[in-house]
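Q: Sequence:
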Amino acid sequence: MTKKKFKHDMQCGLGSCVAALKKMEDAEKELFRPLVLWGCSRDMAYDAQSEGCRSFYLYELIQEFSNITPFLDVIEKRLFHGIHSTGWEFAQDCTLLAYFVSDGNKRAWKILTSCYDALLEILLKKRRREQYGKLPERDNFENMCVAMVCSCFDDRERSIRIYKKIVRDLGVLIEGNMLYDYDDFEWFQAASEERLGKTTVQKLLHWADADEITKNYVYFRAERLKTRKSEWERKRRTDPETADEVYRRLKNGERAGQMCSLMLGHTFMKQDKKLEVMKLAAYYRDESDPDVRYNLLRLLANKTCAWAPALSRLFADAQLEDSGLSEWAFTALGYRKDAKVRDYAIALLRKGEHTADAVSMLAANYEAADRELFVDAVRRIPITYEDGYWHSAFHDVMDLFSASGKDKPKELLLYMYQNTLCSYCREHVVMEMGRRRMLTRELLEEMQYDSNDDIRNYAGRKLQKENS
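To convert a position in the sequence shown, counted from 1, into the working numbering, add 1.
I should point out that these hints are in silico values taken from the structure, not numbers from a laboratory. Careful: at least some of the hints might be erroneous.
Unchecked claim - Under the rule of at most 25 Å between Cα atoms (straight-line distance), these lysine to any residue pairs were calculated in the SDA-like manner:
#1 Lys407 to Tyr386
#2 Lys165 to Leu197
#3 Lys227 to Met179
#4 Lys275 to Asp287
#5 Lys30 to Phe57
#6 Lys165 to Tyr117
#7 Lys78 to Ala20
#8 Lys411 to Tyr425
#9 Lys126 to Lys165
Unchecked claim - Distance ranges between label pairs, derived from CB positions:
#10 Asp290 to Glu122: 26 to 34 Å
#11 Glu443 to Glu122: 50 to 58 Å
#12 Gln64 to Glu122: 29 to 37 Å
#13 Ser289 to Gly198: 56 to 64 Å
#14 Glu224 to Gln50: 24 to 32 Å
Positions of the beta carbon are idealized from the N, C-alpha and C atoms, including for glycine.
Sequences are here, hints too, so could you generate the full structure?
A: Here it is as structure tokens:
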């Protein structure tokens, strides 16, 4: 494997990197150490919200080297440097350290506990949030708490002791600083229940001899859950119930995402209010104010409602330069099944314009005659971390494979498997390849080391079945 391919595959999270290292002698592996160190110095996931951090993937890569000290040096430096930073880098680093702790690495545990103490001290002294209410130190502290309870030790009793200590620290934090409440650490609570069991966690919280600080945490939790329900009811009562009300409030200066969920059109359809969706589409068609039209389209540009807007208006708005309206118009067109949309997509592809959007439109209206043009267009979409258009296009290509019809361009499945930066999307590609009997033994063996756990498990089951 060349260094260029190794870096490409590592960014994708492909198991080929781990598989390749396993076949190398130590001297050859050293040529790839700088690349793995590079991977440890940045957030490797394309979308950690959906695919999770790639900590275990990096951990397995590091384990192939005899000397792990340089990797721990990089991770420790990044962890403390990232205490005040937003993003998923900190979560990747502390979870990666947790895997080393689970191996009995004392240095990794010392790094984690030192950083935990430093973050707790920072949060206790914090008196205001950043712009837009951001508080990265809080986010990072919660990530660390989850890693310490859920990933550090197989020893259940030790995990319980860690959980009890963290709960006590959270009680001190919430009671002593008005910046925080139970909501700020709810994910930690849910993750702990998954790791230790909901019944166990409830017993730990309501233990008869629990100290006052733990009892305070329990009280804060109960009060917040109570008020959250009333807040949800109040918000539900203020959501607009008709298209006329939506339009009136938009004209008064409210925005779609503020007055209601952007899925309001979808909600109308679920409530059998098709007429209200048609009214929203009529308002969108006739509106001259681009800001109001933009907010109306945001409510309609989804799979459930995209049938409603007038195509002539969507085509016109799609051609606007540097406009949010253009993006939402293309989103709506990507869900629309219509011969005119297919013709429009083909015209754009032949001119080399809006390639990713055109692929989405053509995927929804694909015909066998489009195969060559379609495959070429998908391969021409740039795949980068910064530009996410390819991500939406790949998703729509996968929708094509789940739709009825023959002569699907299955060569795109292998292309997307090898090139998508999102391991969550790759999981669906792998399943489709499996249904079409495209998974060779070589592919299955490398998939055992994929950054996606479900792909690993799927490949393992397939190989076990082959060997039996």
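Q: Each hint: holds or not?
A: Outcome of the hint check:
no.: 1; hint: Lys407 to Tyr386; in the structure: violated, 33 Å
no.: 2; hint: Lys165 to Leu197; in the structure: holds, 12 Å
no.: 3; hint: Lys227 to Met179; in the structure: holds, 18 Å
no.: 4; hint: Lys275 to Asp287; in the structure: holds, 19 Å
no.: 5; hint: Lys30 to Phe57; in the structure: holds, 19 Å
no.: 6; hint: Lys165 to Tyr117; in the structure: holds, 15 Å
no.: 7; hint: Lys78 to Ala20; in the structure: violated, 28 Å
no.: 8; hint: Lys411 to Tyr425; in the structure: holds, 19 Å
no.: 9; hint: Lys126 to Lys165; in the structure: holds, 22 Å
no.: 10; hint: Asp290 to Glu122: 26 to 34 Å; in the structure: violated, 51 Å
no.: 11; hint: Glu443 to Glu122: 50 to 58 Å; in the structure: holds, 51 Å
no.: 12; hint: Gln64 to Glu122: 29 to 37 Å; in the structure: holds, 33 Å
no.: 13; hint: Ser289 to Gly198: 56 to 64 Å; in the structure: holds, 59 Å
no.: 14; hint: Glu224 to Gln50: 24 to 32 Å; in the structure: holds, 29 Å
Hints 1, 7 and 10, counting from the list given before, are not met by this structure.
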